[in-house]
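**Q** Okay, here's what each chain looks like letter by letter:
Protein chains: 2
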Amino acid sequence: MDKEELIGLFSEAFPFWGKMNDIDKETFIRSSYHKSFRKGTNIHDGNECTGVILVKSGSLRLYLLSDEGKEITLYRIFPGDMCMLSASCVLSTVTFDVFVDSEENSECVVVSGCAFEDLSRRMPEAKIFALEAALSRFSDVMWVMQQILFMNMDKRLAIFLLEETAQNGTDTISLTQEQIAKYMGSAREVVSRMLKYFSKEGLVEVSRKGIKVIDRKRLSVLSH
Amino acid sequence: MDKEELIGLFSEAFPFWGKMNDIDKETFIRSSYHKSFRKGTNIHDGNECTGVILVKSGSLRLYLLSDEGKEITLYRIFPGDMCMLSASCVLSTVTFDVFVDSEENSECVVVSGCAFEDLSRRMPEAKIFALEAALSRFSDVMWVMQQILFMNMDKRLAIFLLEETAQNGTDTISLTQEQIAKYMGSAREVVSRMLKYFSKEGLVEVSRKGIKVIDRKRLSVLSH
Chain U
0 MDKEELIGLF SEAFPFWGKM NDIDKETFIR SSYHKSFRKG TNIHDGNECT GVILVKSGSL
60 RLYLLSDEGK EITLYRIFPG DMCMLSASCV LSTVTFDVFV DSEENSECVV VSGCAFEDLS
120 RRMPEAKIFA LEAALSRFSD VMWVMQQILF MNMDKRLAIF LLEETAQNGT DTISLTQEQI
180 AKYMGSAREV VSRMLKYFSK EGLVEVSRKG IKVIDRKRLS VLSH
Chain R
0 MDKEELIGLF SEAFPFWGKM NDIDKETFIR SSYHKSFRKG TNIHDGNECT GVILVKSGSL
60 RLYLLSDEGK EITLYRIFPG DMCMLSASCV LSTVTFDVFV DSEENSECVV VSGCAFEDLS
120 RRMPEAKIFA LEAALSRFSD VMWVMQQILF MNMDKRLAIF LLEETAQNGT DTISLTQEQI
180 AKYMGSAREV VSRMLKYFSK EGLVEVSRKG IKVIDRKRLS VLSH
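Just so you know, the sequences run in chain order U and R. At position 140 of the first sequence (counting the first as 1) the number is 139 in numbering that gives the first Met the number 0, and the numbers step up by one without a gap. At position 46 of the second sequence (counting the first as 1) the number is 45 in numbering that gives the first Met the number 0, and the numbers step up by one without a gap.
FYI, nobody ran anything at the bench for these hints, they're computed from the structure. Check before you lean on any hint, since a few could be wrong.
Copies of the same chain are indistinguishable here, so a pair counts whether it falls within one copy or spans any two.
[What the hints assert, rightly or not] Calculated pairs, DSSO-like style, for lysine-lysine (alpha carbon to alpha carbon, straight line, at most 27 Å):
{"hint": "1", "residue 1": "K181", "residue 2": "K69"}
{"hint": "2", "residue 1": "K208", "residue 2": "K24"}
{"hint": "3", "residue 1": "K154", "residue 2": "K181"}
{"hint": "4", "residue 1": "K69", "residue 2": "K154"}
{"hint": "5", "residue 1": "K38", "residue 2": "K199"}
Put together the whole structure using the sequences plus the hints.
**A** Next up, the structure:
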């Protein structure tokens with residue numbers, strides 16, 4: 000990835016780019032690198048400061064992981080967006096560990112956490128940008144939390160099926176029931192039972208190929 | 000509450016107070032008011048911008064509320080600390096609704112959200128302070144979320160009992176099982192069953208007066 004392309008990316012991603020002086024811009028560019036991640040790669044595992052990850056193509060999944068290996072998906076990051084929580088040295092008030100995986104083959108640019116932190120100490124605009132980026136995800140996470148804690152499983156599964164098919168532009172979801180359960184922070188048995196119920200009701204069709212949404216309208220009613 | 004006292008409070012609570020000019024300070028003081036809340040009063044209900052609430056005495060409880068009336072306690076705010084999430088006009092990226100109750104009789108000072116927002120647009124230090132205050136709670140909330148989603152109920156109840164007794168400086172908790180369940184985001188049946196188990200194990204004694212912690216040591220082992 001050449002310098003011009005990097006500058007183009009940064010000027011779009013960082014609203015404070017235009018106000019940076021030439022030395023800071025040069026440091027930023029030198030502290031950044033392009034990286035390709037294969038589908039399923041773990042990119043960040045909670046401990047270290049991986050840096051600010053800008054997604055060019057593909058998608059990343061941010062999740063919590065329990066000691067027993069249980070996962071809760073918090074949100075996904077798509078092209079044009081960035082992951083700020085992986086830059087723990089910039090966000091000293093964030094003390095919880097998140098994990099980031101590439102969910103598809105993904106092309107990313109990683110800006111060093113140190114370079115960002117150094118800039119944000121001297122440039123309030125950069126600091127405010129980082130804090131607001133992290134805080135805006137707080138709302139996403141609260142939504143997930145409310146969905147898990149307050150909502151009924153049928154409603155949750157209906158939303159999940161509708162969102163997955165909308166995102167992929169197909170009617171068929173090729174995830175296993177195990178994977179769906181993992182993504183929803185639930186147990187395979189629960190998902191399996193609910194899918195059987197949905198299938199009996201004519202909402203979906205479960206086969207070896209995956210789960211096909213049959214009655215989008217009624218699924219949508221269930222999701223409200 | 001006189002002006003001198005208010006100035007003393009603000010200069011301790013807001014690290015940027017010393018850098019504010021006299022007009023801004025005067026506006027801040029005029030836009031603030033002292034308020035006493037009786038135990039159990041709802042102070043903030045998610046929709047409007049109540050303002051920044053500084054706690055002088057007592058304690059506030061911040062929680063989520065579902066459509067069905069189920070509650071999840073996110074964290075508590077004690078004297079010397081403040082509630083920033085109730086100032087929704089300052090934090091435009093925070094889009095979820097939280098509820099705030101006074102858990103004891105509480106003396107508070109409320110700073111108008113508009114005044115704070117106006118200042119934070121002109122003074123990056125104030126903006127950064129507000130964002131960091133809100134973001135630091137993100138970590139608290141993630142802790143609660145992990146506790147609820149990943150931990151076993153016995154562990155959670157043990158932690159709850161230990162924390163409640165430590166906080167009140169007594170061995171007896173006078174909450175009902177219904178209230179405990181509500182605070183833990185669980186069902187009364189689950190709490191009741193677990194308390195029966197704890198009681199059989201000689202960890203607690205359940206009577207009409209409340210729940211008495213008998214074996215703090217073993218309860219503490221359970222909480223790890």
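**Q** If a hint holds in the structure, say so; if it doesn't, say that too.
**A** Now the hints, each set against the structure:
1. K181 / K69: So K181 and K69 pass the 27 Å test inside a copy (7 Å) and across (25 Å) alike.
2. K208 / K24: neither (50 Å within a copy, 66 Å between copies)
3. K154 / K181: both (17 Å within a copy, 22 Å between copies)
4. K69 / K154: Result: close both inside a copy and across copies, 21 Å intra and 17 Å inter.
5. K38 / K199: Classified as neither: same-chain Cα gap 34 Å, cross-chain 50 Å, threshold 27 Å.
Hint check: violations occur at hints 2, 5; the rest are consistent with the structure.
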